[in-house]
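Residues per chain are reported as follows:
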Amino acid sequence: MMGLVRKLASLKLTLIGMVALAVVSLVGARTDAVDLVWTIVPLVLLSMNLAAAILTNRSFRTQTGLLVFHVGLLLVFALIGLTVATRFNGRVEMLQGEAFDPSMLEVDYRGPLHGGDLSAIRFVQRDFEVDYLPGIVRQETRGVIDIVDDAGGQRRHMIGDKQGVEFGGFRFVATANKGFALVLGWEDASGARQFGAVHLPSYPKHDWKQVNDWTTPAGQPVRLELELEEPPIVTDAAWTLRRPTGGYRVHVQAAGAEIGVVSPGESIELPGGRLIVADLRLWMGYSVDYYPFLPWMFVAAMLAIGGLAIHFGTRYLPQAERKTEAVIQEAPDGHVIGA
Amino acid sequence: MSLVLEQQVALVAAALLAAATLVRVWAFAAGRSGDRPTFALLMAAVAVLGAMIAGRWIREGQGPFLTMYDVLLSNAFSLGLLFLLVSWRLPVVRSASLVACPVLAVLGIWMLVVPSEGVPLPPTFDNYWLWVHVGAGKLFLGVCLASMSAAALLLLRQRAADSRRMAMARDPEELSRAVWLLFFLAFVFHSFMLVAGAVWAHSAWGRYWSWDPLETWTLATWLLLGFILHARATFKGMPENLGYSLVIASFVLAFLTFFGVPLINNAPHKGVM
Ligand code: HEM
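Protein chains in written order, with the numbering used here: chain A, 711 to 1049; chain B, 22 to 294.
No lab work stands behind these hints: they were computed from the structure. Positions of the beta carbon are idealized from the N, C-alpha and C atoms, including for glycine. It is possible that part of the hints are untrue.
Unchecked claim - Quick partial rundown of chain A residues pointing at chain B, CB under 10 Å, derived from the structure:
#1 K717
#2 S720
#3 V733
#4 S735
#5 T885
#6 A1014
#7 I1015
What the hints assert, rightly or not - Listed next, the in silico DSSO-like pairs over lysine-lysine satisfying Cα-Cα at most 27 Å (straight line):
#8 B:K257 x A:K717
#9 B:K159 x A:K872
#10 A:K872 x A:K915
#11 B:K257 x A:K722
What the hints assert, rightly or not - Listing some non-contacts, in silico: residues in chain B with all C-beta distances to chain A over 12 Å:
#12 Q29
#13 V33
#14 A39
#15 G71
#16 I74
#17 R80
#18 L133
#19 G156
#20 L240
#21 E261
#22 N262
#23 I269
Generate the whole structure from the sequences, applying the supplied hints.
This is how it looks when you write it as structure tokens:
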């Protein structure tokens, strides 16, 4: 058994593992040829190699700093594994006035052992604004959400570039992705009304195409285009994106042809019902991430760096200091170089 | 300091770095030390670069963290300063200015040809960990430059037919020890840069690692540094020259990561915009 562990502890294997990790990372991140999931293979190889070396290699018994570094490194590898298994990454677009609902989330990644509970998250998106400098350079984002507690009470929380919000380990961070949303009503033949919102493309990134396709509850595909009377965007001066208060109109197209222009509060007859333009608001895009082991990863990484510092102080520095003293004695003016 | 004045002062800084290089190379060709004039010019260049950074910082109200010009200016300063500090603490490294000065001169001249207008920092840059991350990166590259310069000098020394000229690298054993001492220290700073960068990314964008080109190349550099230190410990009989060549290779990779990736990608990190 120990023989096998010694073999596994081979330092040549470490070199191979490092090259493999570098190659998989570079190829995986720069091309589609390899999925980054495969970094797990060299990481597992290095972890086994490292664990075996920590058990058997004599260098670690005499060099404490080196041992601490490698134990820290092994912990980081293990925590990366745990993070891959448990992390969650997603995105959500929140309309002003809307309450968060987990079904709105677009999931980018959900680890197989992810155990977070999204259903307990309750908040309502309120107003926000984003400052821009001349040249459309994004500056500060300021926003407000109301966090709803178990008793139904609401608590104000500010959202900003340096201020996300966390619910049970899920971190919501406002992104550069935000824009306008048309709040629409639909009245069917029986007179029953329902409301919903159509989010338009990110603003000001796609300011020239504030258009989106939508299918009415009666199954009619239409294209809606927003026309702002006074678009807030200014290229050569500072401006602020906020909930629009000025006039606007909605161009409605069906089968490639414009069938009407609707002002706020007005409606248009469509097959099977009536489309009402109720309101114009903003939506904010949040990234939603869950990393339960991240604080521990930081601790392990700092432990590893501490180990490196100890190794530097105990192995490298003493040699250099001894030698430098000798040189300085030899040439007191410090001018030691030169023919 | 107005932008126009800053541009003029930049010319002076680049000229001082170029002059330090010329003096050093001339001294080498003449078989002389050339330490005093080289280091005097280098100190003057670093002082001028420091004044430029201070003036720019006051004018723009933000540190040099964003544009290619920011990166070149701040690194010409920090690399120069660190080389001076290392040469002061480890006098044997002074001779390596033969290699370090041309690198600094390249940064100084490059700085003259990129747009120097300031660009406002995105709000996510206003973060304590950014300072730590950038600071650790500068420490890494500065110490790595000193290590690489000493390694290159040792390689040159073996190639040089004229032993008199190479008498400047008089104590190759001590210089070699300095190469590895500095290289290890570079590894420590690089590791810390990675960790601080991850903390910043997490607090700024909610994600600690997003495989953007800069992150990926930085990871590759870190692995190369670790690989070299390991290879030296694994193959005790590894030829010295191979070791020095690998040290040079890792500086080249780090240099390309620091200055090449932002050049191609416009912004230091893609998460920024
Ligand atoms: C994953 C498996 C690994 C194993 C089995 C391993 C094992 C070892 C051993 C036994 C030593 C002592 C060598 C000696 O002085 O005789 C050592 C040194 C070292 N290792 Fe690792 N290591 C591993 C991973 C890493 C990684 C991923 C890095 C960083 C990229 C790293 C960086 C270092 C450094 C910097 C030293 C000190 C070298 C010196 O003193 O100059 N190791 N390692």
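Now the hints, each set against the structure:
1. The restraint placing K717 of chain A at the interface with chain B is violated, with a minimum CB-CB distance near 15 Å, outside the 10 Å limit.
2. For S720 of chain A, the shortest C-beta to C-beta distance to chain B is roughly 9 Å, which falls under 10 Å, so the interface hint holds.
3. Look at V733 of chain A: its Cβ gets to within about 9 Å of chain B, closer than 10 Å, so that hint holds up.
4. With a least beta-carbon distance of about 6 Å to chain B, the hint placing S735 of chain A at the interface is held under the 10 Å criterion.
5. Interface restraint check: T885 of chain A against chain B, minimum CB-CB distance 8 Å, threshold 10 Å, status holds.
6. Using the Cβ-Cβ criterion of 10 Å, the hint placing A1014 of chain A at the interface with chain B is satisfied: the shortest such distance is roughly 7 Å.
7. Among the interface hints, the one on I1015 of chain A holds; its C-beta lies about 5 Å from the nearest C-beta in chain B, closer than the 10 Å criterion.
8. Among the hinted pairs, K257 of chain B with K717 of chain A is consistent with the structure: their alpha-carbon atoms are about 19 Å apart, no more than 27 Å.
9. For the proposed pair K159 of chain B and K872 of chain A, the alpha carbon gap of about 25 Å is at most 27 Å, so the pair holds.
10. Pair hint K872 of chain A plus K915 of chain A holds up; C-alpha atoms about 22 Å apart against a cutoff of 27 Å.
11. Restraint check: the Cα-Cα separation between K257 of chain B and K722 of chain A comes to about 12 Å, which is no more than 27 Å; the hinted pair holds.
12. Listed as a non-interface residue, Q29 of chain B keeps its Cβ farther than 12 Å from every Cβ of chain A; the least gap is roughly 26 Å.
13. V33 of chain B, annotated as away from the interface, keeps every beta carbon of chain A farther than 12 Å; the closest lies near 27 Å.
14. At roughly 22 Å, the least C-beta separation between A39 of chain B and chain A is larger than 12 Å, which holds for a residue marked as non-interface.
15. Distance to chain A confirms G71 of chain B as a non-interface residue, since its nearest Cβ pair spans about 23 Å, more than 12 Å.
16. With a cut of 12 Å on Cβ distances, I74 of chain B stays outside the contact zone with chain A, its closest approach being about 22 Å.
17. Separation of R80 of chain B from chain A is adequate, the least Cβ-Cβ distance of about 16 Å exceeding the 12 Å criterion.
18. L133 of chain B, annotated as away from the interface, keeps every beta carbon of chain A farther than 12 Å; the closest lies near 24 Å.
19. For G156 of chain B, the non-interface assignment is confirmed: its Cβ lies about 14 Å from the closest Cβ of chain A, beyond the 12 Å cut-off.
20. With a closest Cβ-Cβ approach of about 6 Å to chain A, L240 of chain B is found to fall inside the 12 Å limit, against its non-interface label.
21. Here E261 of chain B stays apart from chain A, with its beta-carbon at least about 16 Å from theirs, past the 12 Å limit.
22. A cut-off of 12 Å between C-beta atoms confirms that N262 of chain B is not in contact with chain A; the least separation is 19 Å.
23. For I269 of chain B, the shortest C-beta to C-beta distance to chain A comes to about 18 Å, beyond the 12 Å cut-off, and the non-interface label holds.
Going down the numbered hints, you'll see the structure goes against 1 and 20, while the others check out.
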